[in-house]
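Produce the entire structure from the sequences given, and follow the hints as far as they go.
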Amino acid sequence: MMDFMLWFSDSIVNTYAAFIIGFFIFVNVFYFSMYTISFGAILTYLRRHMFCDYRVIMQSELTPAVSILAPAYNEAATCIESVNSLMKLNYPTAEVVFINDGSKDDTLNVIIREFDLVKTERVYVPIIATKPVRGIYVSRKPEYKNLIVVDKQNGGKADALNVGINVSRYELICAIDADSILEDDALIKVVKPFLDDSRVVAVGGIVRIANGCKIERGRVTDVRLSNKLIPSFQVIEYYRAYLSGRMGWGAINGLLIISGAFGLFKRDLVLTVGGYKHDTVGEDMELVVRMHRHCLENDIPYRVEFVPDPVCWTEAPETLKVLGRQRNRWHRGLLDTLLIHKKMLFNKRYKVLGMVSVPYFVFIELLGPVIEAMGYIAVGFGYYLGIVNLEIFLLFFIVSVIYGVMFSVSSVILEEISFHRYPRARDLVKLLLLAVVENFGYRQITVWWRIKAFWDYARGVQSWGVMTRVGFKK
Amino acid sequence: MRESTIESTRDSYDSRTRQALNVYLFSDLPVADHTEDRQAFIAQLQPLLIALKIELDIDPQARRNSRRRSLKRVMLQLTSEVIGETRIRLTRAFEYFDFVSENVESLDDNRWWTRAKGCKNAGLMLHEAALPYLERCLDDENDDVRIEAAQAMLDIAGVDIIAPILMRLQGMSVWMQVRLSRSILRYGEHAVEPLVAALRSEYPVIQGFAVEMLGILGDVKAVPTLLEYIDYTVPEVKHKSLIALGKMGDDRSIPVIRRFLESADERLRTDAARSAGALSSPSLVYSLHWMLVKDTMIVKLAAGEALSRSGEMGIKSLRYALDLGNEDVRKVALQFLHEAGVDVHAPRAEGGDVL
Chain E
6 MMDFMLWFSD SIVNTYAAFI IGFFIFVNVF YFSMYTISFG AILTYLRRHM
56 FCDYRVIMQS ELTPAVSILA PAYNEAATCI ESVNSLMKLN YPTAEVVFIN
106 DGSKDDTLNV IIREFDLVKT ERVYVPIIAT KPVRGIYVSR KPEYKNLIVV
156 DKQNGGKADA LNVGINVSRY ELICAIDADS ILEDDALIKV VKPFLDDSRV
206 VAVGGIVRIA NGCKIERGRV TDVRLSNKLI PSFQVIEYYR AYLSGRMGWG
256 AINGLLIISG AFGLFKRDLV LTVGGYKHDT VGEDMELVVR MHRHCLENDI
306 PYRVEFVPDP VCWTEAPETL KVLGRQRNRW HRGLLDTLLI HKKMLFNKRY
356 KVLGMVSVPY FVFIELLGPV IEAMGYIAVG FGYYLGIVNL EIFLLFFIVS
406 VIYGVMFSVS SVILEEISFH RYPRARDLVK LLLLAVVENF GYRQITVWWR
456 IKAFWDYARG VQSWGVMTRV GFKK
Chain H
81 MRESTIESTR DSYDSRTRQA LNVYLFSDLP VADHTEDRQA FIAQLQPLLI
131 ALKIELDIDP QARRNSRRRS LKRVMLQLTS EVIGETRIRL TRAFEYFDFV
181 SENVESLDDN RWWTRAKGCK NAGLMLHEAA LPYLERCLDD ENDDVRIEAA
231 QAMLDIAGVD IIAPILMRLQ GMSVWMQVRL SRSILRYGEH AVEPLVAALR
281 SEYPVIQGFA VEMLGILGDV KAVPTLLEYI DYTVPEVKHK SLIALGKMGD
331 DRSIPVIRRF LESADERLRT DAARSAGALS SPSLVYSLHW MLVKDTMIVK
381 LAAGEALSRS GEMGIKSLRY ALDLGNEDVR KVALQFLHEA GVDVHAPRAE
431 GGDVL
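Taken in sequence, the protein lines are chains E and H. Per this note's numbering, the very first residue in the first sequence carries number 6; after that it's consecutive. Per this note's numbering, the very first residue in the second sequence carries number 81; after that it's consecutive.
Under the rule of at most 30 angstroms between Cα atoms (straight-line distance), these lysine-lysine pairs were calculated in the DSS-like manner:
no., chain 1, residue 1, chain 2, residue 2
1, E, K146, H, K411
2, E, K136, E, K109
3, H, K327, E, K93
4, H, K411, E, K124
5, E, K356, E, K282
6, E, K150, H, K327
7, E, K124, E, K146
8, E, K282, H, K411
9, H, K374, E, K124
10, E, K150, E, K109
Derived by calculation from the structure, the hints in this document are not laboratory data.
Set out below in structure tokens:
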């Protein structure tokens, strides 16, 4: 009996170990393919860049006008700088719609005083149903004639964005986080795909980590890597996600996520699909998936693109506690969106989305952490107990860690040969080192946060969690 | 390190090339005015070109290719810096050193970026010999190649080539429109005739582009054609035509705009209202007022805005709308009276606001 038990546990663990190794090999092959596609797409982007003089876009009357939507909740400390930074963006015709989502602090009064705002009689047409709007304000100062401030009852970020969409007047809407910093030319660069191809309905731009950078008057003036470990690890993660991931997904029209921090959308289509969904924490991803679905179900030719150059700088969490909350929320958002749109999984009707993107997000992004964690446990304990032999243990180590290192290092190299945003050699060396180190400990912690998200989702946790920000250093 | 060495070597070549080129470009000539006798002007450049060639051929054979690349690079850089007679000297030099034919060859390359660069350089070289080859590139599968080809043709041949280019194209991305509009608008009123000719294109996107350009130019010469044309085109171009007519601000458009204010298509009614607002004509106030009262919220807003721009009659109409007992109408009227700086609480003129 004892022998049978030993044989049985041995078989189970070894079979599972083989499954995990197979899974990791599959994941790495997939990542490598995506990396190759991204590399080609970046190369094409850079080549096209040679023939693009952005001043022409800036000076043309044919450039589509953009409404920038900046939802804010309790942003009294940063709202003036945010609005000033948005008002200074290089773009021929743009309006800034700042939405005060029922802040409990002094956000509204601060902004009214600073920009000399006056309440208007402007009609609010709730094309998308939202919480009540308490007032629409414009500035008496001519230099702020393109600023509209909306005060509304608190309803969450998605509801605030929907109010912004209702109030906006222009054909393109740019959703941003009020506490992010857009580079001066970011809007011009992100609008370019809309000019290139009339089928484009949404474009995402790259988000980079501002921690450690020198910021003056709402602009990043010196790009540096943070001295702290946690934000620096996130730089590598963002490289992987944006340059090696989203760039490739955009190239095959399978991009499911456009970051809430920086995305540009066709207003008509956003209105048609009903705007942002306010009962999910992954409203940015959910909107993009719904747009895809709408176009595919109605045979509307469309494209969702990603551009690697227009930069939105954001402040990354600096402590494990805050980072954990953020990752937990992201994973709950992912789970929620995939459950809402589960119909798309392996559904040929949804083309690349149904057959590649959604399965990838379900099996690699969503369930990957669970499989990975079980792999660590099974192979680790199995080897310790002598059930798993050394070859299997080493193979597991190679496919899980070495490939991870290779992928991270490749992403850093891709950034270096394409955009080279960190000019100091010291930063590059540090990034390459971190690309190795993050696989020992940091990666496993993120796996745990993402697993915990399943539990929180099952408990019905809907909160964003408090996002403590240190604030951009001036 | 390696990169900086290459750069400094290139800089040193370029500096020597620039010196030699300056002698060619800025030497005094017996026939100084190229507009009087162009042939004589060109002919006298020959000895200077020979001298330049000898100067460049001094280098050993191994370095000649680098010098030649440097010459092309420096000359292309100079295209944006020189004008008039010096620009003609530069164009002649491109031909003399065979850069034009070399460039034409690159238009057949199988890499799109090489073809696009070839088109771009052909435009900078301003050489008419490249035109037939560039015309062929208007059918290229790559948008950037088509754009660079069209742009180069405009740069070389000027306003006369606008209509042929637009008639030849089968489609235009907005990016192409943005790029070409810059050159076309530079020709001002001279571009009106070719743009009117381009309205005959069978492709709505080309028609729409021509209409939009005419609207931006705002030349009233195009009004009769647009008025005649507006009924025979697709809704998307109708929409652009209405906007263009508004921008032109010619009273001859009023009957057509009034007709579109009653269109069954909500978008066309909205465009017509915006156009009416741009015309600021009191004769459209009555129609706009009824749109404000009876139409959908989107059109109400456009009509309200148009009324606020239609002078005293328009303001009277908005004040009158305040008392009609319809909450939506009152809100819209209030918004635009407020935006027009009208104090709605001030006493009204004797006899009230009667339309």
